[in-house]
Amino acid sequence: MKSPDKKTLLEMFATMNKIREFETKLQEFFAAGKIPGFVHLYLGEEAVATGACAALDTTDSITSTHRGHGHCLAKGGDLRRMMAEIYGRRTGYCKGKGGSMHIADFDLGILGANGIVGAGGPLACGSAFAQKYKKTDRVTVCFFGDGASNQGTTQESLNLASAWKLPLVFVNENNGYGISCPQCKSMAVTDIADRAAAYDMPGVVVDGNDVLAVYEAVTEAVKRARRGEGPSLVECKTYRWRGHFEGDACTYRCVEELNDWLAKDPIPRFATKLVEAGIASQDELEAISVGIKADVEAAVAYAEASPYPDAAELLDDVYA
Amino acid sequence: MANKTYLQALNEAMRQEMERDENVFILGEDVGQFGGCFGVTKGLFDRFGEARVIDTPITESVIVGTAAGAAASGLRPIAELMFVDFIGVALDQLFNQAAKMRFMFGGKAKVPMTLRMPQGAGVGAAAQHSQSLEAWFMHIPGLKVAIPATPHDAKGLLISAIRDDNPVVFLEHKMLYGLEGEVPDEPYTVPFGQADIKRVGTDVTVVATSLMVQSALAAAERLAAEGVSVEVVDPRTVLPLDMDTIIESVKKTHCLVVAHEAVGFAGPGAEIVAQVAEKALDYLDAPVKRVAAPFSPIPFTPPLEKAWIPSADDIVAAVKSIR
Numbered sequence: 000m001k002s003p004d005k006k007t008l009l010e011m012f013a014t015m016n017k018i019r020e021f022e023t024k025l026q027e028f029f030a031a032g033k034i035p036g037f038v039h040l041y042l043g044e045e046a047v048a049t050g051a052c053a054a055l056d057t058t059d060s061i062t063s064t065h066r067g068h069g070h071c072l073a074k075g076g077d078l079r080r081m082m083a084e085i086y087g088r089r090t091g092y093c094k095g096k097g098g099s100m101h102i103a104d105f106d107l108g109i110l111g112a113n114g115i116v117g118a119g120g121p122l123a124c125g126s127a128f129a130q131k132y133k134k135t136d137r138v139t140v141c142f143f144g145d146g147a148s149n150q151g152t153t154q155e156s157l158n159l160a161s162a163w164k165l166p167l168v169f170v171n172e173n174n175g176y177g178i179s180c181p182q183c184k185s186m187a188v189t190d191i192a193d194r195a196a197a198y199d200m201p202g203v204v205v206d207g208n209d210v211l212a213v214y215e216a217v218t219e220a221v222k223r224a225r226r227g228e229g230p231s232l233v234e235c236k237t238y239r240w241r242g243h244f245e246g247d248a249c250t251y252r253c254v255e256e257l258n259d260w261l262a263k264d265p266i267p268r269f270a271t272k273l274v275e276a277g278i279a280s281q282d283e284l285e286a287i288s289v290g291i292k293a294d295v296e297a298a299v300a301y302a303e304a305s306p307y308p309d310a311a312e313l314l315d316d317v318y319a
Numbered sequence: 000m001a002n003k004t005y006l007q008a009l010n011e012a013m014r015q016e017m018e019r020d021e022n023v024f025i026l027g028e029d030v031g032q033f034g035g036c037f038g039v040t041k042g043l044f045d046r047f048g049e050a051r052v053i054d055t056p057i058t059e060s061v062i063v064g065t066a067a068g069a070a071a072s073g074l075r076p077i078a079e080l081m082f083v084d085f086i087g088v089a090l091d092q093l094f095n096q097a098a099k100m101r102f103m104f105g106g107k108a109k110v111p112m113t114l115r116m117p118q119g120a121g122v123g124a125a126a127q128h129s130q131s132l133e134a135w136f137m138h139i140p141g142l143k144v145a146i147p148a149t150p151h152d153a154k155g156l157l158i159s160a161i162r163d164d165n166p167v168v169f170l171e172h173k174m175l176y177g178l179e180g181e182v183p184d185e186p187y188t189v190p191f192g193q194a195d196i197k198r199v200g201t202d203v204t205v206v207a208t209s210l211m212v213q214s215a216l217a218a219a220e221r222l223a224a225e226g227v228s229v230e231v232v233d234p235r236t237v238l239p240l241d242m243d244t245i246i247e248s249v250k251k252t253h254c255l256v257v258a259h260e261a262v263g264f265a266g267p268g269a270e271i272v273a274q275v276a277e278k279a280l281d282y283l284d285a286p287v288k289r290v291a292a293p294f295s296p297i298p299f300t301p302p303l304e305k306a307w308i309p310s311a312d313d314i315v316a317a318v319k320s321i322r
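Protein chains in written order, with numbering that gives the first Met the number 0: chain A, 0 to 319; chain B, 0 to 322.
For reference, chain A alone in the conformation it holds in the complex:
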């Protein structure tokens, strides 16, 4: 396939940096006690959301997971409204009622991060079904983790999507752990993509730390979906740098393993590729990441200056 143009490549680089900076700040502020609830960081997995969402149009949709900040940002989510939501402020995407695990922006096709592992599959089927029913050519991407791949809902959704030839792409982010349980203890297969065969759909494995590999595989799957040929499963092998949640001591995995993956950091890898291909100079890339740092700072300031919702808003939006 044709490689993406310069503009797309630089946008992808910017998105990865945006997620990295956003999550780094969250890590810092959560530790400082500024953020309520749970925070599940996406550090180290930036290439997956970025590559997959770059293959989509604004009018396409995604369903996300409890580790959803990266997906929402990659799909175009606004930094300030995301940050404000995680801070529990009224100016956030969900008026402070959703928090980190429930960010959505239907205008951008973000059908919601989700607090329940494996819950996104059926909803993604509904979204994809609606597009098929309305005869649009829009596609839905269902992000799900290795843990979610063992849920019945995920398997049921793979089955339905294939039986009904839904315009759906299942993007599996295999980060090696379902909370604390390593993949080798929770499933007998090495490649989750192998499960696609059971549903007669293409299943491919890609290096989830290579944003271009993810982009290419998801682009192929999206094309197939738009042609009406049904769903695909793209497994992206990656790694969760942090614990399952912030505060998780991570006693279940060894430092060597983490260090191996830190060495495969998707962002410098991509930067090197861009420089080697003459797309941008190191200085230009540096300027992009500096600009993003400023944007994230501004988002933090916006969130911290925003008011909390009023108790009188408690019963709003329970019903339409």
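By construction, these hints were calculated from the structure, which means they are not laboratory data. Beta carbons are placed, not taken as given, at the ideal position from N, Cα and C, and that holds for glycine. Among these hints, one or two may not hold up.
Stated by the list, open to error - When the alpha-carbon atoms are kept at most 25 Å apart in a straight line, the in silico DSS-like pairs for lysine-lysine are as follows:
no.: 1; chain 1: A; residue 1: LYS164; chain 2: A; residue 2: LYS134
no.: 2; chain 1: A; residue 1: LYS184; chain 2: A; residue 2: LYS134
no.: 3; chain 1: A; residue 1: LYS263; chain 2: A; residue 2: LYS292
no.: 4; chain 1: A; residue 1: LYS133; chain 2: B; residue 2: LYS278
no.: 5; chain 1: B; residue 1: LYS278; chain 2: B; residue 2: LYS251
no.: 6; chain 1: B; residue 1: LYS197; chain 2: B; residue 2: LYS107
no.: 7; chain 1: A; residue 1: LYS134; chain 2: B; residue 2: LYS107
no.: 8; chain 1: B; residue 1: LYS109; chain 2: A; residue 2: LYS133
no.: 9; chain 1: A; residue 1: LYS33; chain 2: A; residue 2: LYS222
no.: 10; chain 1: A; residue 1: LYS134; chain 2: B; residue 2: LYS109
no.: 11; chain 1: B; residue 1: LYS251; chain 2: B; residue 2: LYS319
no.: 12; chain 1: B; residue 1: LYS251; chain 2: B; residue 2: LYS197
What the hints assert, rightly or not - Computed far set for chain A versus chain B, every beta-carbon distance over 10 Å:
no.: 13; residue: SER60
no.: 14; residue: HIS101
no.: 15; residue: GLY120
no.: 16; residue: GLU255
What the hints assert, rightly or not - Computed far set for chain A versus chain B, every beta-carbon distance over 10 Å:
no.: 17; residue: GLY32
no.: 18; residue: LYS33
no.: 19; residue: LEU78
no.: 20; residue: GLU215
no.: 21; residue: LYS222
no.: 22; residue: GLU245
no.: 23; residue: TYR251
no.: 24; residue: LEU257
no.: 25; residue: TRP260
no.: 26; residue: ALA262
no.: 27; residue: ILE266
no.: 28; residue: LYS272
no.: 29; residue: GLU283
no.: 30; residue: VAL289
no.: 31; residue: VAL317
The hints should help you fit chain B onto chain A, whose structure is shown.
For chain B alone, kept in the frame of chain A given last:
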């Protein structure tokens, strides 16, 4: 206006709404050519085709979740589960997804789906195919729960459910499918949250739902012969619950019996009685009574199943005990 069965009323409601709005479609197990487990969707496949009356695999989570996802994407699904008991398989998609989406996404999402599920004992279907579970759904903010007792209400409530912008749990009683009554031919709505006084009386208020409305009416007839005037109030939707009408009735009769087929302990009647105690205790001249199922799974063998289901006799006895 013609006489129709409860089942025909439901079928007509779906047909008319599908004719009116092409965003309305049906999905569920065997709802297509087969016409649904109890025949409620019969004929709709022939009329609207397989694009709009869609058989699914036997996967309740995906049925409910696909309905929720499609509803959030602009369609108006009517999903059918064969028996309400099967909702256990799909509870997450109903309780955590469909019901909460609007609130937790800050008011942006709209989930206009209807989930039709038959409930109730009486056909010898035993413990996993006979329950009445409205109390479960009443406990979840974000849902609405309709529970029609007559063919007229069945049609009007189902049309309201389909047009509602929220997820509606629509509970049909298996033993009512054959009940006949007058049903207008044209489409009409029965508003949610508006109880119906099915029989006017002065001595005792009996709040009854679903099949128990019929039992309460039979009990009222017998009690009338003994000089006791019973008012039968049917909430028609238990979420929203029209407590105003119930309290007005209690203020008039000063006595309250609540009758439902769901298990009594922590059942829907507990909420009704608690609210009457909070808001109208001074009007009560006698203790309140609940007529409900015993705290056991539903037995298979016919004599035990019959003993399990609350009856008109039980309602008569409850009324007499406080009169």
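Enumerated hints in conflict with the structure, sorted upward | 2, 4, 6, 9, 13, 14, 15, 31
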